[in-house]
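Student: Next come the chains, spelled out residue by residue.
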Amino acid sequence: MHRIHFWTVWASTAAAACICGCNTSSSTPSGSTTATLRVNPDAPKSGAIRIVSSLPRTGSAKQQSDTIVNGIKMAFDEAEYKVGDFTIEYSDLDDATAAAGQWTAESEAANAKEAANDPNVMVYIGPYNSGAAKTSMPILNNVGLLMISPAVSAVGLTKPGKGEDNEPGVYRPTGKPNFTRVVPADDLQGSYGADWAHQLGIKSAYILDDNQVYGKGLADIFRDRCQELEIEVLGQDSIDEKEQDFKPLMTKIKSTNPDMIYFGGTTQTKGGQICKDMVAAGLNCKLMVPDGCYEAAFIEAAGPENANGRVYATFGGLPPKNQVGKGKEFVEKYQEKYGSMPEAYAIYGYEAGKVALEAIRQAGVKDRAAILGAAFLIKDFDGALGKWSFDENGDTTLKKLSGSIVRDGDFEFVRILGEEKN
Amino acid sequence: MLPLLAVADTAPDWFTFFLQQCINGLTYGALIALIALGYTMVYGIIGLINFAHGDLFMLGTFLALTLISAFGLDTPDASSGAIAVGLLAIFPIAAVFCGALNLAVDRIVYKPLRRAPKLAPLVSAIGVSFIFQNIGLLWKGPADLSVPSLVPRTDFFSDPTLEFTVKDLFLTLTVLPIMFGLTLLVKYTRLGKSMRAVSQNPTAAQLMGIHVERVIGNTFAMGGALAGFASVIYALYINTVGFQIGYINGLYAFTAAVLGGIGNIPGAVLGGLVIGLVRSLGAAYVGARWATAIIFGILIVILIFRPSGLLGERTREKV
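Quick mapping for you: the protein sequence lines, in order, are chains C and X.
Here the first sequence stands for residues 0 to 421, where the numbers follow numbering that gives the first Met the number 0.
Here the second sequence stands for residues 0 to 318, where the numbers follow numbering that gives the first Met the number 0.
In case anyone wonders, no lab produced these hints; they're calculated from the structure.
Ideal Cβ placement from N, Cα and C applies to all residues, glycine included.
It cannot be assumed that every hint is accurate.
Unchecked claim - Simulated restraints, written as ranges between beta carbons of each label pair:
1) C/Met340 / X/Gly80: 38 to 48 Å
2) C/Asn165 / X/Leu175: 52 to 62 Å
3) X/Gln199 / C/Gly408: 42 to 52 Å
4) X/Trp138 / C/Thr255: 53 to 63 Å
5) X/Asp154 / C/Glu231: 24 to 34 Å
Claimed, not checked - To give an idea of the interface, some chain X residues facing chain C are shown, with a C-beta separation under 10 Å as derived from the structure:
6) Pro11
7) Thr15
8) Phe16
9) Pro141
10) Asp143
11) Ser148
12) Thr164
13) Leu168
14) Lys186
15) Ile237
16) Leu280
17) Ala282
18) Ala290
Turn these sequences into a full structure, and let the hints guide you.
Tutor: What follows is the structure, encoded as structure tokens:
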């Protein structure tokens, strides 16, 4: 009998761990709206200000985040780590663990707490993943610390009425927003993706997601827009990102014979393997992926021979090669300094760094509330991404997205999305 | 007729669909079975659940990937003959590598704990699993890596909706002979006889003149070699490797071994095939993300009603 107990307990634990691991969503509201933000008149007007970034510095997002950090550093270098009488100190925190291969809620929460508890930290740049933002937003909101994300794009994080019912209020225990982002949110990316599919002549699509905040959110928006455009949605499935092979799923999709598969997810949640397995299962349709897969690591994981001419990628901005004006200058300077082409999000890191400096400059004092207030008042910012402003939710007013296709093992820019709505 | 045929070309009927899912399931299951054999052999002989087995397998896939590029099999000008010869060489190298590694781990980590309480080697095995994972992390980095597709994907069926490729055949063909070979070895050879004796009662076996440590060492080497063999097949079949694959595949393989009746060789293969089938049919008819939950659900049910597993004997008491 001893043996029964051991096996049964072990198996139940393993099963429970798997089921729990499948879903990492929903945080609980704390509900308190007592704290109000006030500018402290005695706040220092000189001294050291610390800016931290929290990005996945290990795992397959490393390549991308290396170039984001380079972008942030470039912004600070140009200002010579000085704003008025303040000196800037920058720390590059990691919200991923090597063991997980991607961001973890624990690491992101630890980074947020570290930043919140350090009175010198005035700006938090990050995170990279929408799920991570759910973890750190309430922590940093409670202390009124300005967040500027270079990459997070889930809709519900900022836009009332577009995500879950309790979003975004649940991330703002003080009732006042503290989260801004320099990338357009996914309501644009998901629906522009569907518009693009429509223009490509797609009549039917099968939708997959990774069951995470970012991926599932995008997949749902894509699906809704498909229905408006009368693209037939043949089915929607969530995958288990720990799974190694998706052949059974691909067989199932093959039987519905779609023109396109849409995957809401990232390279880290098996975007590459999906591409590989759809080819292996003999599916000849197109695959559309969002900016979470818009990186060299995706093509590497998928195998260029599988991705070429088949994978369409949307991205919440313009690729480095297609930047104009100050964006082009950034890319040139980046190449000169680091000797390689930046990944897609590097320029957003650079812009986030610039915005942080601008908010500190406008506030003129070392005070979290003042700097946060100043950031939300940024209008017509003449940055590397063009001229843009933050709206009252902390979203950028930029609406220019791009579509690329994989050719010869690289993403090739095809067109700007959202310039002309059909 | 013609439009009907055209429809039949693209959308399979329910039976073809089911058949295809069974093929998917059995091929993946065969892979799990190969890994499970190593688990079950080591358990059978010293009652140790070797948690490091999955990660040993992972290191094997890394070696396979390294050898594939070292032999230049991933270059476009590699002829199919060169690929065949190269692959034939990679199999024994990976098997020897993993076998030797497993043997070394036994000698260094498990042997000193032979007379310790059961929990001590079990915890050590978990430790070795972490060490292997980190070696893998240092070796190839944290990102998933693509293995070039070297085995042809020629389909045996003319029906476009049904696919059973050379690759699938290659995979299933290797598992069955290995299983039969192992069963025969355990049943009829001198080594097999001593293995069974050690498994039943190591002290008595030693009194009968059996070199117990040598038999255990042989078992570890064989189990490791099987993991090495499986790792090459895995790399060629799944085409993606990463330092974390040992965990999930080890978990599936361990489950397969328990499901079939741990310590039982045909049981491990049966368990592997069942898991493969459940996984694929679960993904097809219930939902892709539920497959793992269904597998463990079934495992729990089986353990409640048949704790010794599908083919296990009820007599032996090991843990």
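Student: Confirm or reject each hint.
Tutor: Hints versus structure:
1. Evaluation of the 38 to 48 Å hint for C/Met340 and X/Gly80 yields a pass: the beta carbon distance comes to about 39 Å.
2. The hinted window of 52 to 62 Å between C/Asn165 and X/Leu175 holds, with their beta carbons roughly 55 Å apart.
3. One distance hint, 42 to 52 Å for the beta-carbon pair X/Gln199 and C/Gly408, is violated here, with the actual separation near 58 Å.
4. Checking the proposed 53 to 63 Å range against X/Trp138 and C/Thr255 shows it is violated: the Cβ atoms sit about 40 Å from each other.
5. The hint said 24 to 34 Å for the Cβ distance between X/Asp154 and C/Glu231, and at roughly 28 Å that hint holds.
6. This hint holds: X/Pro11 has a C-beta 5 Å from the nearest C-beta of chain C, less than the 10 Å allowed.
7. The beta carbon of X/Thr15 is positioned within 10 Å of a beta carbon in chain C (closest approach about 9 Å), and the interface hint is therefore held.
8. Taking 10 Å as the C-beta cut-off, the interface hint given for X/Phe16 holds, the closest approach to chain C being about 5 Å.
9. The criterion of a C-beta within 10 Å of any C-beta in chain C is met by X/Pro141, whose closest approach is roughly 5 Å, and the hint holds.
10. Interface hint at X/Asp143: satisfied, since its Cβ lies 5 Å from the closest Cβ of chain C, which is below the 10 Å cut-off.
11. For X/Ser148, the suggested interface contact is upheld, since its CB lies about 7 Å from the closest CB of chain C, less than 10 Å.
12. The closest approach between the C-beta of X/Thr164 and any C-beta of chain C is roughly 9 Å, which is under the 10 Å cut-off, so the hint is satisfied.
13. Look at X/Leu168: its Cβ only gets to about 15 Å from chain C, farther than 10 Å, so that hint breaks.
14. Residue-level restraint check for X/Lys186 is violated (minimum Cβ-Cβ distance to chain C is 25 Å; threshold 10 Å).
15. A cut of 10 Å between beta carbons decides the hint on X/Ile237: the least distance to chain C is about 5 Å, and the hint holds.
16. Given hint, X/Leu280 at the interface with chain C, holds; its Cβ is 8 Å from that chain's nearest Cβ, closer than 10 Å.
17. Taken as an interface hint, X/Ala282 checks out: its beta carbon lies about 4 Å from the nearest beta carbon of chain C, inside 10 Å.
18. At a threshold of 10 Å, the smallest CB-CB gap from X/Ala290 to chain C is about 7 Å, leaving the interface hint in force.
Going down the numbered hints, you'll see the structure goes against 3, 4, 13, 14, while the others check out.
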